[in-house]
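Given these sequences and hints, build the entire structure.
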Amino acid sequence: MLLRAKQQIRDGVIQGLIYLAVLLVSLVFFWMLFDLAHGGAAHLSWQFLTESPIDAGRAGGIASILVSTALILLVALTASVPLAWATAVLLAEFVPAESAFGKIVRFSLYVLAGVPSIVFGLFGNAFFSIYLELGFSILSGGLTLACMLLPILTSTAEAGLRAVPDTYRSSAAALGLSRTVALTHLILPAAAPTLAAGLLIGIGRALAETAALLFTSGYVDRMPGSLLDSGRALALHIFDLSMNVPGGDNPAYASALVLVSLLLCINILAMKLAYGLQRKKIMT
Amino acid sequence: MQTDRVLTGILRAGALLAVLVMLLIFCFLLFESWSALTGLSIAGFLTDVSWHPLEGTYNLMPMLSGTLLASIGAIMLGAPLGLASALFIVFFAPLHLALLYRRLIELLAGIPSVVFGFWGLTTLVPLISEWQPPGASLLAAVLVLTLMILPMITITACAALTAVPEELFRNASALGMSRWGTIAGVVLPAARVGITAGIILAAARALGETMAVLMVAGNVVQHPESLFDPVRTLAANIALEVAYAMGDHRSVLFVSGLLLMLLVMVLSAMAGLLEERQQV
Chain A
1 MLLRAKQQIR DGVIQGLIYL AVLLVSLVFF WMLFDLAHGG AAHLSWQFLT ESPIDAGRAG
61 GIASILVSTA LILLVALTAS VPLAWATAVL LAEFVPAESA FGKIVRFSLY VLAGVPSIVF
121 GLFGNAFFSI YLELGFSILS GGLTLACMLL PILTSTAEAG LRAVPDTYRS SAAALGLSRT
181 VALTHLILPA AAPTLAAGLL IGIGRALAET AALLFTSGYV DRMPGSLLDS GRALALHIFD
241 LSMNVPGGDN PAYASALVLV SLLLCINILA MKLAYGLQRK KIMT
Chain B
1 MQTDRVLTGI LRAGALLAVL VMLLIFCFLL FESWSALTGL SIAGFLTDVS WHPLEGTYNL
61 MPMLSGTLLA SIGAIMLGAP LGLASALFIV FFAPLHLALL YRRLIELLAG IPSVVFGFWG
121 LTTLVPLISE WQPPGASLLA AVLVLTLMIL PMITITACAA LTAVPEELFR NASALGMSRW
181 GTIAGVVLPA ARVGITAGII LAAARALGET MAVLMVAGNV VQHPESLFDP VRTLAANIAL
241 EVAYAMGDHR SVLFVSGLLL MLLVMVLSAM AGLLEERQQV
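Chains A and B, in that order, are what the protein sequence lines are. When we follow full-length UniProt numbering, the leftmost residue of the first sequence carries the number 1, and every step to the right adds one. When we follow full-length UniProt numbering, the leftmost residue of the second sequence carries the number 1, and every step to the right adds one.
No lab work stands behind these hints: they were computed from the structure. From a predicted model like this one, the values you see are computed outputs, not experimental measurements. There may be inaccurate statements among the hints.
Here are some chain A residues pointing at chain B (derived, C-beta under 10 angstroms) [said to hold, decoys possible]: (1) I14; (2) L17; (3) V25; (4) L49; (5) E51; (6) V105; (7) L195; (8) L207.
All C-beta atoms, glycine included, are put in the ideal place defined by N, C-alpha and C.
See below:
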């Protein structure tokens, strides 16, 4: 009986500690979110979103920054999505999981996924900006991000394709459809929600990125005229305002709030798509 | 069929290109590092007076120690908190609370590093500075990194805990084990490999993290003597100096990038091996 009482006390203490840890984590996170919302809401307005930055961002808004961010994202997705999805289709549908080719591709993507973003930045600076002579431009920033997105887009798409039941493939084969037709008419439509979720996760990753863009897409906060102009991404704008611009804290708060809300929407949408798919699978 | 063969060809070309990107990155880092790796003595990276790139002394050790200390500190704080969070979600919390807390953690996993850095700079650094100036310090870096890796540790630990087979629980309760007895004696040993793999991946993330650390760590090149000393990490050093570095200096920065990449690759290979072993 004494042992039982001792156990109960120990269990209670440990439960208390775990609750304390959770409380601490939640408090810190709410503190942070509150700070961002509080500091940002004061400065955020419609004008802030539609005006270009004045006086290194102390005044004015972030319109040109948003345009640059969108352009960088567009370049990154145009370059990486076809490549990533082609690789995913090949890995999931056309190559046996144990083949040497599949293993090599999967291994290099695994390595790529672990590379720190600053190293992508170094590579982008050396290869795109200097070797290919693209300079500090939206194009070199976007292409650097494209390299970063490859592994995440490929792995989410491959997982989505593998989740399509094999009965689809055998039924298509029994009907005498070619694999190309089966892929375009059956498997890709069935996997579309996960592909979209993966795409959204990739977009979120790209929007959050700063280090890889520091010396590829550059710092210029003007409205970009072409893809070869330098353009400052939103995340970089927050960094620059808080580190290099005295008195830039208020616009930095507002920019951070814009970025975080944007990412929040994207992540929630991605989760909805992924969970929706799971539910459908359970019900059928 | 004709179209199938064409399609496979196109897909193979795409996949090959994806592999080439990895090779290209590695080759370019090596290529840019080459003049430093062959022209300067490697021992100089360990024994030079300090990091004075303009005078040609390139000691990387203070930055390496800064990087390692910040990451180790973050793991020491983040691992217990993350594990406690995962245990809370899987075993202790009522269902709706567990779901809510899980959403909060997933939300935090999506917050960009620059926002963590910004919050650290505007909130944590002034707080620490009131207590022990200058504020921008190893401690601030550790705290911000802890917040950043905590969601990752929690999510991977959750996955490992939920993967523990149901029958182990039934056996434990048949033996009359208490809740913590079951967790400590049965569940944690069964989930150990997955939890460790998650922590190793988090360590890799902490080592390579640039922006958040750059913003709060103070960036003084030195071996820190206390938690309140400013430090500079390898990644932060690259971000600070690439813009104006020339010649050997630039090449040494690429060497430190290569070093960082190798460190992270070793860690993620370890995590990969662990996960593979668990699946068998």
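Hint check, A/L17 versus chain B [nearest Cβ-Cβ separation less than 10 angstroms]: 7 angstroms, holds
Chain B contact restraint on A/E51 - CB to CB distance below 10 angstroms: 21 angstroms, violated
Interface restraint verdict for A/V105 against chain B (beta-carbon cut-off 10 angstroms): 5 angstroms, holds
Interface restraint verdict for A/L195 against chain B (beta-carbon cut-off 10 angstroms): 15 angstroms, violated
A/V25 as chain B interface residue, shortest Cβ-Cβ below 10 angstroms: At about 6 angstroms, which falls below the 10 angstroms cut-off, the nearest Cβ of chain B leaves the hint on A/V25 intact, so it holds.
When the least beta-carbon distance from A/L49 to chain B is tested against 10 angstroms, hint result: 18 angstroms, violated
Given hint A/I14 near chain B, where the shortest CB pair must fall under 10 angstroms: OK, holds: A/I14 within 10 angstroms of chain B, min 5 angstroms.
Restraint check, 10 angstroms cut-off on beta carbons, for A/L207 near chain B: 7 angstroms, holds
Violated hints for the displayed structure, listed by number in ascending order: 4, 5, 7.
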